[in-house]
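Join the two chains into one complex using the hints; note that each chain is given alone, in its own frame.
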Amino acid sequence: MRLSNSRWLPVMVVLAAIILIWYVGAVWLNAGLVEQRLEQTGKEATAAEFAHIAFSLDRPVLPAPHQVAREFYESVFTRDITSPRSLVYHAEITGSATLVGFALGTLLGILLAVGIVSWRTLDRSLLPWIIASQTIPILAIAPMIIVVLGNIGLTGLMPKAVISMYLCFFPITIGMVKGLRSPDPLQLDLMRTYSATRGQVFRKLRWPASVAFLFTSLKVAIAISLVGAIVGELPTGAQGGLGARLLSGSYYGQTVQIWAALFMAALLGMVLVALVGVVERLTLRRMGAKP
Amino acid sequence: MKGGVLAVAAALAGAAGSLVLLADALTPGSVPLAFWALVLGVTALSWIGLERLAGVDRPRWIGGLVVPGLFGLLLLYLWQVLTVGFDVPAVLLPSPARIGHQLAANAGLLWQDFRQTFLKSVLAGFTLGSGLGFLVAVLVDRSPFLQRGLLPLGALVSAIPIVGIAPIMVMWFGFDWQSKAAVIVVMTFFPMLVNTLAGLGSASEIERDLMHSYAAGYGQTLLKLRLPSALPFIFNALKINSTLALIGGIVAEFFGTPVVGMGFRISVEIGRMNVDVVWATIAVAALAGSIFYGILALVERGFTFWHPSYRQEQS
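Going down the list, the protein sequences come from chains C and E.
Under our numbering, the residues of the first sequence are numbered 272 to 562, in order.
Under our numbering, the residues of the second sequence are numbered 66 to 380, in order.
Keep in mind the hints are simulated off the structure, nothing from the lab.
It should be emphasised that the depicted structure is a prediction, and the values quoted were computed from it without experimental measurement.
Please note that the accuracy of each hint is not assured.
Below, simulated BS3-like cross-link-like pairs (lysine-lysine); rule was C-alpha separation at most 30 Å, straight line [to be verified]:
1) C:K449 / C:K490
2) C:K449 / E:K304
3) E:K304 / E:K185
4) C:K490 / E:K289
5) E:K304 / E:K289
6) C:K490 / C:K475
In isolation and in its complexed conformation, chain E is listed as follows (with noise of 0.2 Å):
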């Protein structure tokens, strides 16, 4: 443990150093190979370091947001260095300090398309998709004729390239917002549906005996047994959605949109060779995307407390 933080306190030091150095004292493209020598150095130390640490098993923070942690430093670091070292040219790839440039300078911009695209069409179309599919699991499951001509429909689904649908949903509610978010629905439908459906079958014979016994009626099944039971997958349809909603977001923008949105963006800084804003709206895109994926996460953290695979991670 020691040895690792020695380590990676000495990666870090040396890699402040070369980039200091990278900044101020040396040309793009004519790096000497003393410096390689120095990011070699500081890459193997890195390792060593990440190396003795991921051994550590407590406190547990150490292995789960440490070592990944710095990790991802050390990508960053190795980026920004070899585009620079080696002055590859910003159309092929620019480094992480151009795209944070572009990322401050262009915010307003940044927060506008990611106002439409997000606020708008991604959560409209992820409420209304995953709402509909659950109400229609629900009442489905009531009818086996219906789950058994739906269920492999559901699965067929799964296999076919939804997105495809934007130029048709673009004629239908136009260029703005409404287009997007109805893409989203489609795609998000689906997988509601089945995980839903496979959610409310899950509980156990014995239990629907219980509820049984004590005269449950379908409502009272419905609400105390089958639904909390139904939650997993109920969130793993939601968190499955949380992706799929943005792409189908981003992607139906290609097919027209008003001149704001990520999608939008994307394709017209593409075209205008303006490669670093298109890595800052993805940044933005990875961004959104994460913290939805992990507050959907949280919340499921709350509602579904009592699921085996979060009791073992506390004892």
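Excised from the complex, chain C in its bound form (with noise of 0.2 Å):
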């Protein structure tokens, strides 16, 4: 109980502040909203009125944390899931184009390390540009990539599929490039000694080393899936997701849903990253890993 309390507290410390934080900034920021208000009924206020008002407002700057909470808990679970007010109708489809996007990178991205271990040439020649190509803003063009292939007739999930690949799967090439190539010398020689083939060495030894470097660029992968699919329901007006929850929310001034979808947002990603992990855990303690 003290370990977990040592552990917890600072955090819930933290949490707290910024909470407290946010609601000052409610006041503050909504301070002119609520001054025009009282001017239009010709009321005076004391402090605490002020705050009410300033934490009821239909569209504020700055919504108060209760606020964008009622919100969340309403869109999620008082309605009906398949109604497009509902924000779990809208991180469904978010997060499947996600996970589609997730596992075509993550084939496109071992199929590349694999090729790049193997080729001599593809490591001179590949490789250079794959590593440059993460300096690049690739999230430029999600927009284009959502109209061309509207063009020939894909809409829905696989534009937003194939942004989320293109962005998730250079982290996992250079990650398996690095983990395929982490056995030292002496277990290979080892290998040698076995007279074992070039495919018994990749088996046997080069693929079990790069798991754990796999799982952590994994991790990073699936967050940034998630920003290619958000990224790519903005251009197109698209009718569903958080991406355009997020647009028609700024749009019509709803910062209340902005907020919540927001949230939405960063839940997916937490459950998702989490998700990974637990499937490391797993598959790294059936491969005899200590806890």
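Here's what the structure looks like:
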């Protein structure tokens, strides 16, 4: 109990501080709107009333945490999950594009890494370009991919998945190349004394050695994959998805809705990364790693 | 080596010949089979050349610069020949020559976008966000309690799609570059915070004991031991942030801008189906991103020359 206390207490204190700052910020940022409203009604307000109005505005500059929490609760639990007003509906659209793109990206990333490790020519010619392309704001081409793929009849989930795939194969390739090369010369020499073929060295030494690296990259990749899916929903005026929800919220000035969608996106990201973490722990345990 | 150079030279000649043919003698879309045989020959020859050159270990620049450079040229060549040869509609994928043409024709416009997005929002946001992250890390470093509170949150934040705050920032700070810079500040703050904290903790116990035995105070230990040993981590964060900042700046512009900026250009020209202008903008963004990263890498080399990863290269 003491141990868990010492671990969670600092996090809780910091979180509480953030929420406190948020409330103060909500009063401060909404002050203009509140004064406007008070002027219209011609009433004087005490400090408590002032804060109360600031926390219950329809379209506040910064909604108070409990307003966001209420909107989040209502749009997650009280609405039918097939209705476009439900956040679960949007999260499911974005989440499925994320996962499809993530799966494709993982496959592509691993294939590229295997190719790079196996052929010296690919290593020398392709790897520098893959590394260089990490410095490029790839997300900028998201709108183009959406429109171009829409032009040849691909709409809905696939274009977003393509963007996610494109974003997330880089970290996987880089991580896997590192992992496949991680066995040290001693181990490789041992395999040679067993007269192992290249395929056997790959299956029994390189592949198992790369698994830890793979999962580290997968956690990065799934987070980027989600960003890709959300950004993919921005330019087309998509009807569904967290990105579309953000965009419609910003068009109509529905700040509470934007914040609720943001929290859903954050939650989705954490859940996805945590899922990869669970799979990692199970896999590593089966491979005999010490917990 | 000699065979490789010969093969590459032959491939280059063949490529030049086929490009001239394509430009002057052939109509796009109905290209004879013999031409594709030539293209296939050029590809095979360059592959053989690359394979030979990739085996060369000295001088180092052959493996490090020439091989990837030639590979990039090969990709560009195939892109050009295939898009023109099969008459791919420019809406799907414009040829590199068309993109280059647009790049030259719209240089003034692209420069204005670059100035708005890169010189204003990205640089301001990057400096402010990274600087704040660094300062907070140095301050928090004195309190283990705050550290244990902030580090798990910092790790959580990396799973969050922060670009999503763009619409809120646009509401708060208006359409101009300030709102984009604000998005970038939030995006770059946490990687810097987490990395600097990890870096400040990276000095070993023995080194700290040594500083202690010199009776060095907190400030001296920080300046002479812990900040230098944190530099590789800090530069790592700066490099991550350079890409994040550019992404943040461009994506935030999708939510509303004055009529200038790279993100604005991309979303507007896509609406008009001017895909080649979009590609030109992306080329500018790619170039800006690589140069930004390259400069950071050079500065890093100057500051952390003592780090093992550089020492090994020279020996």
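Any hints this thing doesn't respect? Which numbers, in order?
Violated hint: only 4; rest satisfied.
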